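Novice: These protein sequences, in sequence, are chains A and B.
Each residue of the first sequence is one higher than the one before, counting from 36 in this note's numbering.
Each residue of the second sequence is one higher than the one before, counting from 860 in this note's numbering.
Don't take every hint at face value.
Stated by the list, open to error - Below 20 Å or equal to it, Euclidean Cα-Cα: the simulated SDA-like pairs (lysine to any residue) are:
#  : chain 1 : residue 1 : chain 2 : residue 2
1  : B       : Lys1013   : B       : Pro894
2  : B       : Lys953    : A       : Ala66
3  : B       : Lys1013   : A       : Gly63
4  : B       : Lys906    : B       : Ala921
5  : B       : Lys1013   : A       : Asp58
6  : B       : Lys953    : A       : Lys37
7  : A       : Lys92     : B       : Phe1046
8  : A       : Lys92     : B       : Ile1042
9  : B       : Lys953    : A       : Gly63
10 : A       : Lys37     : B       : Met1045
11 : B       : Lys982    : B       : Thr912
12 : B       : Lys1013   : B       : Ala936
13 : A       : Lys92     : B       : Pro1044
14 : B       : Lys1013   : B       : Leu986
15 : B       : Lys916    : B       : Ser945
Stated by the list, open to error - Derived, one-sided and incomplete: chain B residues facing chain A with beta-carbon distance under 10 Å:
#  : residue
16 : Arg944
17 : Gly957
18 : Ser960
19 : Pro988
20 : Phe993
21 : Leu1030
22 : Gly1035
Because the hints were derived from the structure by calculation, they are not lab data.
This one's a predicted model, so the numbers in the text were calculated from it and none came from an experiment.
All C-beta atoms in this analysis are idealised placements derived from N, C-alpha and C, irrespective of residue type, glycine included.
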Amino acid sequence: MKVGRIISTAVLGFLLFLFVGIDLVLFGVVALDSIVLTLFPLLGLVAGTALGVAVSKRRTSTT
Amino acid sequence: MIMRLSMRFLGAITMLGAVALVSPASVAHASLSGPCEATGTFQTGTKSDGSFTVNAKSLGSATVVIPREDTVNWTGAVDVPAQSRSYSGSITVKLPPGFGSVTIDSWNSTSDNVANDGVEEYKLPSLVPAGVTFVVSGQHQEPGATCAGTVHVKIEGGAFDSPLAPVSLVLTGLSGAGFVAVIRPMFRRIV
Chain A
36 MKVGRIISTA VLGFLLFLFV GIDLVLFGVV ALDSIVLTLF PLLGLVAGTA
86 LGVAVSKRRT STT
Chain B
860 MIMRLSMRFL GAITMLGAVA LVSPASVAHA SLSGPCEATG TFQTGTKSDG
910 SFTVNAKSLG SATVVIPRED TVNWTGAVDV PAQSRSYSGS ITVKLPPGFG
960 SVTIDSWNST SDNVANDGVE EYKLPSLVPA GVTFVVSGQH QEPGATCAGT
1010 VHVKIEGGAF DSPLAPVSLV LTGLSGAGFV AVIRPMFRRI V
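All chains should be built: construct the whole structure from the sequences, respecting the hints.
Specialist: And the structure:
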């Protein structure tokens, strides 16, 4: 497993979901005090980490 | 600094101008509890409805849509004996759970006034996003009176009235592209 790839996927997942949450607020879909803004970045972090592990395993198995 | 000032203005307006200006008289809150009263008349008002008056006591849970700039005639009063007494209070904007809130104004002094009024001009910078629901809470305390309330406020207009929206969209696109790039190997066929 490549730790660097897992970390980069997790960070990008965090940022992607964070900005999606901010977009939802700026476009009036959710209020500023919505829990979406708290949960989305955490979800992105978890999803990014999981996908990073999956990608890393897949790469290891193909090399 | 600009953001802090704008939030301060926003709070002052949403609390119908009766914030620190109303010597102990009161702070006005929509969904207001306690012996406080407050009204605010937006002279120009919104493009759709024109001039309008907000009464904090009767507003309930309705969202107040305010123009980006206007002049507000405000009044505030608290139902207590007119004698010298100390008072304090604050106004905060609620942030997402886990981030608490931002105090945009607070006051703490003594006075014998029980009512006040005035005229307040405001102009919110374009950085403050339009169409976003801000939950503003306030509380005011003095001997014999505790008032608290919450109001939902939106600035009239759309997301692209603020430069924040396009910036956020670009950052979303960039982080999305990066994310897709790093997970791309998952979608390659194993030969």
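Novice: Next, verify each hint and record whether it holds.
Specialist: Hints and how they fare:
{"no.": "1", "hint": "B:Lys1013 <-> B:Pro894", "in the structure": "violated, 26 Å"}
{"no.": "2", "hint": "B:Lys953 <-> A:Ala66", "in the structure": "holds, 10 Å"}
{"no.": "3", "hint": "B:Lys1013 <-> A:Gly63", "in the structure": "holds, 9 Å"}
{"no.": "4", "hint": "B:Lys906 <-> B:Ala921", "in the structure": "holds, 18 Å"}
{"no.": "5", "hint": "B:Lys1013 <-> A:Asp58", "in the structure": "holds, 16 Å"}
{"no.": "6", "hint": "B:Lys953 <-> A:Lys37", "in the structure": "violated, 41 Å"}
{"no.": "7", "hint": "A:Lys92 <-> B:Phe1046", "in the structure": "holds, 13 Å"}
{"no.": "8", "hint": "A:Lys92 <-> B:Ile1042", "in the structure": "holds, 12 Å"}
{"no.": "9", "hint": "B:Lys953 <-> A:Gly63", "in the structure": "holds, 16 Å"}
{"no.": "10", "hint": "A:Lys37 <-> B:Met1045", "in the structure": "holds, 14 Å"}
{"no.": "11", "hint": "B:Lys982 <-> B:Thr912", "in the structure": "holds, 18 Å"}
{"no.": "12", "hint": "B:Lys1013 <-> B:Ala936", "in the structure": "violated, 25 Å"}
{"no.": "13", "hint": "A:Lys92 <-> B:Pro1044", "in the structure": "holds, 10 Å"}
{"no.": "14", "hint": "B:Lys1013 <-> B:Leu986", "in the structure": "holds, 14 Å"}
{"no.": "15", "hint": "B:Lys916 <-> B:Ser945", "in the structure": "violated, 24 Å"}
{"no.": "16", "hint": "Arg944", "in the structure": "violated, 33 Å"}
{"no.": "17", "hint": "Gly957", "in the structure": "holds, 5 Å"}
{"no.": "18", "hint": "Ser960", "in the structure": "holds, 8 Å"}
{"no.": "19", "hint": "Pro988", "in the structure": "holds, 5 Å"}
{"no.": "20", "hint": "Phe993", "in the structure": "holds, 5 Å"}
{"no.": "21", "hint": "Leu1030", "in the structure": "holds, 5 Å"}
{"no.": "22", "hint": "Gly1035", "in the structure": "holds, 5 Å"}
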